[in-house]
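Student: Chain by chain, the residues run as shown.
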Amino acid sequence: MSERHRILLVEDEELNRMLVKAVLSRAGVDAVRNAELVDATTLSEARESVRGGGFDLILLDLNLPDGNGLSLARELAASEPPTDRPKPVVVAVTASVLPQDQKAALDAGCDDFLDKPYAAADLVATVARHLT
Amino acid sequence: MSIGWSRLVLLAAELTFAVLFLRGLLGYLRHRDPLHLDVTLVFAPCTMAFSADLMHQDLANRPGWARGFTSVALMAQPFLTLRLASRLRQVPRWLVAGTLLGFVVLAIPLAVAGRPLPFGLKVAAVLYFFSVESTAAALLFGKARTRTGANRARLMVAAAATLAFALMILLLGAAGPDTPALRSASHILALASGLGYLIAFAPPRWLSRLFAATAARSVTERLLRAPADSPEAVWQTYAEMMRVQTGADAVVVVLPRPDGPRQIGYAGPPLDVPDAPIDADLSVLIRSGLPARLRDGDPALVRHFGAGLADDFVVALRMPVPPDVEGWVLLFNRHRGLFSDDDLRLLAELGRQAGVLAERQAVSVLERRLAAELSNSVEALTRANEAKSNFLANMSHELRTPLNAIIGFSDLMRLENPEGDRRRVPADWVDHIHDSGRHLLGLINDILDLAKVEAGRMDLRVAPVRVDTAIEELLTTLSPLFAQKRLTVMIELAPVTALADRLRLRQIVENLVSNAIKFTPAEGTITITTSGTDTDVCIVVTDTGVGIADADAERVFEEFQQVGDPERRHAGTGLGLALTRRLVEAHRGGITLDSTPGQGSTFTVRLPAAPVTQPSATGTAGAPYVLLVEDDPHSAELMQTQLSNAGYRVEVAGTGESGLAVARSHKPDAIVLDVELPGISGWEVIRRLKADAALAGVPVFFASILDEAAAGLALGAHDYFVKPVDQPALLSALSNAIAARRVPRVLVVDHDDAVRHAIEDGLRAGGADVVACADGRDGLARSRTENFDLIVCDMQSPEADGFSLLAAIEQDPSGRHTPVLGLSAAALSERAPGDTAPLIATAMAGGVVAEAMAGGAGWDSLAPLLGPHPAAQHPAIPHHPAHPVIRRTSGGAHPPAGAVQLRSAVPRGLETAKEDQ
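Top to bottom, those sequences are chains B and Y. Everything in the first sequence is counted per full-length UniProt numbering, starting at 1 for the first residue and increasing by one. Everything in the second sequence is counted per full-length UniProt numbering, starting at 1 for the first residue and increasing by one.
There could be a bad hint or two in this list.
[As the list claims (entries may be wrong)] Below, in silico cross-link-like pairs of lysine to aspartate or glutamate (EDC-like), each with a Cα-Cα straight-line distance of 20 Å or less:
| # | chain 1 | residue 1 | chain 2 | residue 2 |
| --- | --- | --- | --- | --- |
| 1 | B | Lys-21 | Y | Asp-272 |
| 2 | Y | Lys-388 | Y | Glu-558 |
| 3 | B | Lys-21 | Y | Glu-558 |
| 4 | Y | Lys-485 | B | Asp-66 |
| 5 | B | Lys-21 | Y | Asp-411 |
| 6 | Y | Lys-690 | Y | Glu-676 |
| 7 | B | Lys-21 | Y | Glu-676 |
| 8 | B | Lys-21 | Y | Asp-431 |
| 9 | Y | Lys-518 | B | Asp-111 |
| 10 | Y | Lys-667 | Y | Glu-558 |
| 11 | Y | Lys-518 | B | Glu-14 |
| 12 | Y | Lys-518 | B | Glu-75 |
| 13 | Y | Lys-518 | B | Glu-13 |
Everything labelled a hint here was simulated from the structure, so no lab data went into it.
Go ahead and model the full structure; you've got the sequences and the hints to work with.
Tutor: In structure tokens, the structure reads:
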């Protein structure tokens, strides 16, 4: 068995965190199902976790109680990878779905964008695409 | 030769004086202007000398009398010149008087003395002449220095001419027969003086036109160059230029305005004039075109400009202003001016230019204003558009968030393997979907309400509403939430009645209380108070929550704004307070926030109070209602006081007949009856009461001096008291009887079996007597023939819907106005536009309460209203015994002890509304 992937889930809504966990834990793709999921409910918590390092993927809600998730994406894009691991892939997961929101996300250095509401299969497919 | 040349010069000089004399004389004869007379007099002596010269070519051959006369006349000139100067400016009186005295002293010896004159006299005469003339010249010069433009030039020339005249006399005195050069020089000076006077006092037409043209050009240039940004500024510049050019002390520009002629421009020393139209007739002044003292004109002018200017000379000139307006220019002078009216008129003509400029300014001011308005509108539209875009973006975000859970969890469910026609899914997924759906519904309802208020289409059914009762009802519903966070709720509800829409009032308070619950940490305190004045009702909700910083106080009422510590953001639509404010404002009320971060917030809602009406019965609305049938006023008063003090509402009827009528119309909770009454007796009254199906159940208590208890009880009385009545016993019996009787009857009409059964079960569990009908027509029929305390009906029943039922109840001849709880899957106004809306309105006005419950609000909302268990086991608030909230004020000293849970929840408030009518 290959190394477990680590996913950082930045999301302030409890229901949505539960949903992501439920969906990923039932995914048909092994890499996704077996990935280790770490929660962060605020931007500062997420920053703290990212500083610890070791994430392959960040599922990033943009509308966070203490600021816009994009600032985290920008910081990541500007920083040097701490180790020989590659930088984590950042997927913006948000209910702000206007074209300018998407553009802002990609400009900030997000690698992908997932609209809310999403189907379970979309979430799995997105995560699988970036983990494998 | 030289003498002949010199004489010609003298003759020319004397000719100019003669011309001046004649012009002055003609001017005086034509205008009767005193100034012209003065000018005429100044030049009269010289003219006489000229005439004498013409008659006697040889000076030496002149007869003695002529020489004497000429000399005397010439000696008068200095005095006359000084007098003219005194007309143009301030000259000390003693100077004028001294000069006159000098003239008289010198004139007599000059007239009689032989020629050649004695040396002393000659020196005295020449010195007198020179000194007075040069003084006059100095005075004119001084005056000239205070003036400007052509006026100044003319005064300067006049001063110079006077000085030349003085020098001429000096030379003439010094000259002897052997000094022809001096004599010639004096002749040249005389000519120069004469020409100077001519220029100053009677300029030839071309010169005067030159003066006027220069002045006009100067005025025009100034007008065009002056930085005028309004028509008023143009007129102001014009007034100032007129003052400069005419040398007037003050210039007033007057234009006709709708309310009369008004001063538009003014130049001169500070003047205290009223800001009012000039209510004076200028026509006399204008027609004369000459300077006149202000006090000689219309007295209204003096009143307007003040008594200080009454002695001033004023010239009024017409000022044509394009296209067809005529204004006026008033020139004020402390002394007479030098300009002839022709020149002034020409300057007044310049008003035409000022008018054009002013009009141009007016147009440009208007243009600027329109441009500014346009720019403001564009800005406002842009802002509105941005706000709309933001709102849509926010709304999209807010809607997607709960939808994400709904779609996500239901998607997960679909992925579970089916077992036959079922899937086994985690129970909490279903709860998540349900909660998100409810959240979404709340959001949509809030958005719809907000849109309705914004569009001014929120139909408020405003009626007097007991705010305290409404709040108590609401708190019953919200009590599980208080219990969940172990919040203490303090209430202090004064009985106040607001003019409000009952549903919206509830929404307002619910939003505020929910907000307080949301932001108050566990075990905090929420305080709710009501208070009122004649005009306002205040609802104050205070929490001990996180509080809001002053800077954010206004933002909390904006859509989609959650303020405060972002770490502690709370769930919610972000619309509640925005909607609350709009609802309050739609009621013509106001909402304010007072908050200290960390300590809590206080929201104060002010709503208009309902006008106070004097209730016919005493006691608190909502209290049990007792009919007292008693003919003796003293007895009635005593018992009424006792019952009122015990918390009952009391209606007194003086006869059996009126007692029966009141009983039928008001359905009292109990009747206290005397036996001996005028008209029908108490026995007959109770017989008829028991015969009436609607009133048979009402407990009757006899209170009589007759000891006929057996007869009374046999007729169906609940109890019998002999006067003097044992008050505690009566009150206790009343209280027990009322409590025992109160089993509410509820009619439930709903074609949906599941829904109907659920309601039926809930109501029965609450202790109510329930009649259920599936068919709307059955329900309608039963509502007509039987008495119910409450009707619960489906507003969209296929056969006979809630609206028909409402209409039927409204038309019920017995006037029972049973409260109706309407169940609807949609807001009533959405589903019942047009004809049914007025019906609801009339039903409401009649005291029928229609509760529209959004179908999606579901059973959670209804359950606390109905109470799931028999009240006997839960006398207060069954779920939360520690809950300190519900202090029912209605029962007074003897609360209706048997009131079941249903009673203390639903029909209580509804009944209150009924009784409020």
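Student: Does each hint hold? Answer for all of them.
Tutor: Consistency of the hints with the structure:
Pair hint B:Lys-21 plus Y:Asp-272 does not hold up; C-alpha atoms about 86 Å apart against a cutoff of 20 Å. Taking the CA atoms of Y:Lys-388 and Y:Glu-558, the gap is near 13 Å; set against the 20 Å cutoff, the hint holds. With a C-alpha separation of about 35 Å, the suggested pair B:Lys-21 and Y:Glu-558 falls outside the 20 Å cut-off, and the hint is violated. In summary, the hint linking Y:Lys-485 to B:Asp-66 is not supported, as the alpha carbons are separated by about 25 Å, beyond the 20 Å threshold.
As the CA atoms of B:Lys-21 and Y:Asp-411 are separated by approximately 14 Å, the hinted pair is consistent with the 20 Å bound. Between the alpha carbons of Y:Lys-690 and Y:Glu-676 the distance comes to roughly 19 Å, so the proposed pair stays at or under 20 Å and holds. Under the criterion of a C-alpha separation no larger than 20 Å, the hint pairing B:Lys-21 with Y:Glu-676 is inconsistent with the structure, at around 83 Å. A hinted pair counts as satisfied when its Cα atoms are at most 20 Å apart, and B:Lys-21 with Y:Asp-431 qualifies at roughly 16 Å.
This hinted pair does not check out: Y:Lys-518 and B:Asp-111 have alpha carbons roughly 37 Å apart, beyond 20 Å. Proposed proximity of Y:Lys-667 and Y:Glu-558 is contradicted: the alpha carbons are some 48 Å apart, above 20 Å. With a CA separation close to 16 Å, the supplied pair Y:Lys-518 and B:Glu-14 stays within the 20 Å bound. Distance restraint check for Y:Lys-518 and B:Glu-75: the Cα-Cα separation of roughly 34 Å exceeds the 20 Å cut-off, and the hinted pair is therefore not satisfied.
For the proposed pair Y:Lys-518 and B:Glu-13, the alpha carbon gap of about 16 Å is at most 20 Å, so the pair holds.
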